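Enquirer: These are the residues of each chain, in order.
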Amino acid sequence: MGTDSPIAALSARPRLIFDYFTQLFAQVTNPPLDAIREELVTSLHSSLGPQGNLLEPTAASCRSVTLPFPVIDNDELAKLIHINADGDMPGMTSVTLSGLYRVSGGGDALGARIEEICAEADAAIEAGARLIVLSDRHSDAEHAPIPSLLLTAAVHHHLIRTKQRTQVGLLVEAGDVREVHHVALLIGYGAAAVNPYLAMESVEDLVRAGTFLPGIEAEQAIRNLIYALGKGVLKVMSKMGISTVASYRGAQVFEAVGLDEAFVERYFNGTTTKIGGVGIDVIAEEVAARHAKAYPASGVPSAHRALEIGGEYQWRREGEPHLFDPDTVFRLQHATRNRRYDIFKKYTDRVNEQSERLMTLRGLFGFNSGREPISIDEVEPASEIVKRFSTGAMSYGSISREAHETLAIAMNQLGGKSNTGEGGEDPERLYDPARRSSIKQVASGRFGVTSEYLVNSDDIQIKMAQGAKPGEGGQLPGHKVYPWVAKTRHSTPGVGLISPPPHHDIYSIEDLAQLIHDLKNANPKARIHVKLVSEVGVGTVAAGVSKAHADVVLISGHDGGTGASPLTSLKHAGGPWELGLAETQQTLLLNGLRDRIVVQTDGQLKTGRDVVIAALLGAEEFGFATAPLVVSGCVMMRVCHLDTCPVGIATQNPTLRERFSGKAEYVVNFFEFIAEEVRELLAELGFRSIEEAVGHAELLDTERAVNHWKAQGLDLEPLFHVPDLPEGAVRHQLVEQDHGLAKALDNELIKLASDALAADTAEDARPVRAQIAIRNINRTVGTMLGHEVTRKFGGAGLPDDTVDITFTGSAGQSFGAFVPRGVTLRLEGDANDYVGKGLSGGRVIVRPDRGADHLAEYSTIAGNTIAYGATGGELFLRGRTGERFCVRNSGATVVSEGVGDHGCEYMTGGHAVVLGETGRNFAAGMSGGIAYVIDLDQDNVNAGNAGAVEPLDDTDKQWLHDVVRRHQEETGSTVAAKLLAEWDTAVTRFSRIIPSTYKAVLAAKDAAERAGLPESEITEKMMEAATHG
Amino acid sequence: MADPKGFLNHGREVATSRPVGERVRDWNEVYVPGSLLPIISKQASRCMDCGIPFCHNGCPLGNLIPEWNDYAYREDWEAASERLHATNNFPEFTGRLCPAPCESACVLGINQPAVTIKNVEVSIIDKAWDNGDVAPQAPERLSGKTVAVIGSGPAGLAAAQQLTRAGHTVAVYERADRIGGLLRYGIPEFKMEKRHINRRIEQMRAEGTKFRTEVEIGRDITARDLRKRYDAVVVAAGATVSRDLPVPGRELNGIHFAMEYLPLANKVQEGDYVQPPITAEGKHVVVIGGGDTGADCVGTAHRQGAASVTQLEIMPKPGDERSPGQPWPTFPMLYKVTSAHEEGGERIYSVSTTHFEGDEDGNVQSLHLIEVEFVDGKLTQKPGTERVIPAQLVTLAMGFTGTDQENGLVAQFGLDLDERGNIARDADYRTNVPGVYVAGDAGRGQSLIVWAIAEGRSAARGVDRFLTGASELPAPIRPTDRALTV
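Going down the list, the sequences are from chains R and V. Just so we're aligned, residue 1 is where the first sequence starts under the numbering used here, counting upward by one. Just so we're aligned, residue 1 is where the second sequence starts under the numbering used here, counting upward by one.
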């Protein structure tokens, strides 16, 4: 449900300057990183003080202070201020500059004081200062604190301009810092460390009151705060794929929304600010408004109102307005439940009517068509328009079956599309035309992404980022992995599931093109979507996506998404879809890429007006998530993460699910109402269809006169720009992408396998044996063949080895991706990255060319990210493989003779066998499955799973012997042969890695099965074991 | 937030009432003293701390219900009281008297019994008084401006307290002999013991508010004089004109407006009388009007020892469940069993009084009624359904039509009225006369106590802005705001 309150530039309340900045995040161009599971590559250390000349290193160059953490307490700050008190740090003098200004002087006084401070900094450096503390302490009735971010950035840029920046370190002592986002910004604009003294004092006060923080010492609470702020910054950094504070400092990976250009150039030079906005005068006004709360003009503080009523995160009457408030929720629910279009209009009026309360950028837009209106009868019917609508990607797991199916049934009835969300689809629904979701999502966790899932899709959506938390992964905690959720996700009940921040097969746009190709091969009939989140530069990414042959690009607004997201992401990451969509449309048009890709948008779309504005800005399809949920009964509890949703939507709790009251007909009503409203607007604008309207941004303006103290500085014209187009150029999708499937080697394979494919049933399929040469231009080999098998024979595929093809040569990427049971691919040669991606029951065997004379066990046989998201089948790899071996494997048995770093990361099931060296960070985030590793160096195991390493028992030994034997048979492995030859000693060299919860669950299952309990009770026992373990 | 799973683990439990046989023999509040405290934290834990707290919207005051529910759950009574007072000047009144539109709007109420918000509220404030946490909030500085508030009901008192705390010097004028308006004389003791008002008035006096009783503006002091003496005036004179029942026999003895009957019973409690001049003792009592005031008459008559009590209502009996036209979170018309109804009497719905009959001394003896039904949206009498019931005391509790104009207040100020006969005002609660503001039922028409307090608070902001050019005072509602309906 994301955020639905105004961005800072539109807020009627004084907002902290931090709020005008949004965090940038990595999507496609580079991967975000997982700072928890891959902590070893991160560092919060930074050094402070003058930096010597890099080209002339001397002993003095090393004279700097190392800070282990970017947030410091008062003692640490005092130490730094008095660093040379004993004279043992000669040259390390510090100076504290007072960041206060005369508040009655407004913006002029603020600007002038900043100039003065910069001059004071110059003088201090001249006098030998090497640490400058920017402090806003000691404000009084006349003097207000300069916003710490403004001051820090101003001094930082001043010092850069005057070429003095490397001579000093900047420390910030500020009262306005309390959130992760604040600290991130300060560091991003040059601070070496931040002392949030007021936040710490507030914590102390809370501890003293004892109400919310009982039983904790103030000191510990402050330490916790500091730790959380610092670790939070790490998380923000990792969304951009930056792993050390040292490289984050001054990196300015933020976008300004609603700040004046000249203001940004002066104080935040280099930051993008697309639509102008407020400058120093308004910033000063905002400071003055806050100051007046503390020092009211009347001299009489308000009784019983020590703290203001916020309303940013939860609606409050006196607080920040929200698009969904009691009025709109009530009217929307009532209108759709009783099919009352008149009440629906009251709802949309309240959402659209923003002259009194500005909420969104589109709220400022007006229609300036000058076109002749047409009769509404000439406009395409609502039944055509609803086909362009889809519901959001909410996983079954995050929302209840009842809620998920309600949306699916409604969309299927309408001819629109619902989305599975990450986490697969129950086969029961997969084949039910009424209840299936036609968009199947593929997210970084690849849960439930099988050949069968893909084959039965109309659209396949690659989620690069998610509106509520772009650049982040997700986590389904064990207690929410109910048996039915586990089933669709191909995982174990009660065992937590992690979706990594990046897709581990996408580190670049080329990789994305590869995944698009893989998925297209897995289902040539499906459209492939790429879901992006609006931020500056998203247009360029979208252009890349179009070139990478995606059929659809989705631009999500920052305001979409779940109530379960971290608040710092919910509020501060990503931008409004209006900005991203306009940029996307313009970039695609300029590069001649628009006509081959469908553009879709979503993010708090609520009314027909929203849809028409999105169409004019360039979207031809439209996604809705929050509104249809509200129609289904959601009352914006914002407790999606607690499993306590009282209306049975965001919960798996059976008691609460019974309270679900939504019906598909309500959702149908909603979409029909929206379509009706769209028709009315199209008629007014003189368009007969949405297609005609797409991309006519020139019909929008900001005529809706805005007399608002902040918004009047906004310049929205750039959004309405339409590039010069050649005669007859279209502004919407017209032609299909060329996916190059005609050239695929699989066409050959399908012919070769025709005997097997022609069978009526799997049992009748005649075995096929073939041999064929392969080159590295042959990508995604076997996938289209697999698609044919699955389409014909369903998820169970064919009997093992029915189609058995031997390839000779070097395979391109994604060899054997999504191959189902019954298909065996033998490669004699070597393979690239992503072998056996999404393996769905098939078998893949890779061995060196029979003529090769190298020692296989010392050579790399296949690249990175083997068996990513595999759900079943076998992979035998004779030789070493790269990094992230078996990442997120949930069912396949995979053997390799040596693996790189991060092996078995996020694995949730299946077996991994390593017969050689193992890299660092093994089993990070591994929550299920078993790995058998020879000669394991315990230091290479991720700390989170250090306790999961144990010796083998007899069953293991027997199982392992069998697998090693087959590895030897299939690949001719000499390593395996040697081990088998002296098995009794060899087997003692193996360790087993089995995550503790997973182990407990398996044990419970075993015990329950032996006790002869029925299936439902077995899973119950498993859940119990998981939650108590 | 309160316990995230509180609502799953605890059911709704309300304050325990004293046995009927015991409580009708005295005038004390009907609840067992102290019965709430042991259960209230658990009850508060049922609050779900909603993303959109509809309760907070359903309450005209904008009470920060989830926030003080949380404090109550954690038993931080002082903080709870502080947060409660942030939006409500008199929670001890609302916690007893408000019909709780907040509970109708409670999100839990969509499919479960709502949180006992009103009980939490009264627990917090009672505890705060007991603990001495309700201290006077005298302003640190005086503005030098003076304000007269006409009327000492909840709207007038709220406006007076807000303005006093903002530094203005405020005098409250009350035509009755005691402060409190409807709170004092309209509400029976068994619903709210009057010591609660006295205690609050003491706090207000300590803050600096002046009270002038038995002064009727318009009669004792003319509006012009008052306006001259003060920098601003707030008219909070209520909507005190009762709706009459002009049927034959109305002039008989023993037929009284509820607002003639109830005050006298209250005056007995104040010690002004030993026996009330109008009493139900030994009489067949008929109460006309099915609302809360009617119920107050019923409870009062029980305690005075009525021979029988019958309550008449012209509208059909409301249902036990919400009707389709009154979905959640609106404040629905439901069949309510108040404490007075628990104590006895009969309720007759869909009936209209045709006339009264008296004895030779002109004392009413019986009431003739006829059944009515809706025909084409109009209430129509059903021929042949006439009947007679004994009636020796009749109270008319059919609502109020508007503010009192007889004393000359409205005319002397020259105040414009709106189309419903209430005093007209702009968005700042200002009347057409500069410096004269209106709050409460006088401007809104008859309403609930929470609306009155909300009006008083909001009007205070308008006055404060008028006097000082700006205001930090909150204004929970606009004059045009109404409860959410379909």
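Derived from the structure by calculation, the hints contain no laboratory data. Keep in mind it's a predicted model, so treat the numbers as computed, not measured. From the three backbone atoms N, C-alpha and C, an ideal C-beta is built for every residue, glycine too. Honestly, I wouldn't trust all of these hints.
[What the hints assert, rightly or not] So, partial list: chain V residues that the calculated Cβ filter (under 8 Å) puts toward chain R:
| no. | residue |
| --- | --- |
| 1 | 4 |
| 2 | 8 |
| 3 | 51 |
| 4 | 52 |
| 5 | 86 |
| 6 | 110 |
| 7 | 273 |
| 8 | 349 |
| 9 | 350 |
| 10 | 405 |
| 11 | 473 |
[Claimed, not checked] List of simulated lysine-lysine pairs, DSSO-like, C-alpha gap at most 30 Å:
| no. | chain 1 | residue 1 | chain 2 | residue 2 |
| --- | --- | --- | --- | --- |
| 12 | R | 487 | V | 5 |
| 13 | V | 378 | R | 346 |
| 14 | V | 210 | R | 293 |
| 15 | R | 231 | V | 210 |
Enquirer: Each hint needs a verdict: does it hold in this structure or not?
Expert: Status of the hints after comparison with the structure:
1. Here the hint on residue 4 (chain V) is kept, as its CB sits about 5 Å from the closest CB of chain R, short of 8 Å.
2. The criterion of a C-beta within 8 Å of any C-beta in chain R is met by residue 8 (chain V), whose closest approach is roughly 7 Å, and the hint holds.
3. Satisfaction of the interface hint for residue 51 (chain V) is found here, the shortest Cβ-Cβ separation to chain R being roughly 3 Å, below the 8 Å cut-off.
4. Interface hint status for residue 52 (chain V): upheld, as the beta-carbon distance to the closest one in chain R is roughly 5 Å, under 8 Å.
5. Because the smallest distance between the Cβ of residue 86 (chain V) and any Cβ of chain R comes to about 5 Å, under 8 Å, the interface hint for this residue holds.
6. Annotation: interface hint on residue 110 (chain V) holds; nearest CB of chain R at approximately 6 Å, less than 8 Å.
7. Contact between residue 273 (chain V) and chain R, as hinted, is not supported at the beta carbon level, the nearest pair being about 38 Å apart and thus beyond 8 Å.
8. For the restraint placing residue 349 (chain V) at the interface with chain R, the shortest Cβ-Cβ distance is roughly 27 Å, beyond the 8 Å limit, so the hint is violated.
9. Contact between residue 350 (chain V) and chain R, as hinted, is not supported at the beta carbon level, the nearest pair being about 27 Å apart and thus beyond 8 Å.
10. With its C-beta approaching chain R no nearer than about 34 Å, residue 405 (chain V) sits outside the 8 Å limit, and its interface hint is violated.
11. Look at residue 473 (chain V): its Cβ gets to within about 7 Å of chain R, closer than 8 Å, so that hint holds up.
12. Among the hinted pairs, residue 487 (chain R) with residue 5 (chain V) is consistent with the structure: their alpha-carbon atoms are about 27 Å apart, no more than 30 Å.
13. Taking the CA atoms of residue 378 (chain V) and residue 346 (chain R), the gap is near 28 Å; set against the 30 Å cutoff, the hint holds.
14. Distance restraint check for residue 210 (chain V) and residue 293 (chain R): the Cα-Cα separation of roughly 28 Å lies within the 30 Å cut-off, and the hinted pair is therefore satisfied.
15. At most 30 Å may separate the alpha-carbon atoms for a hinted pair to count; residue 231 (chain R) and residue 210 (chain V) exceed this at roughly 57 Å.
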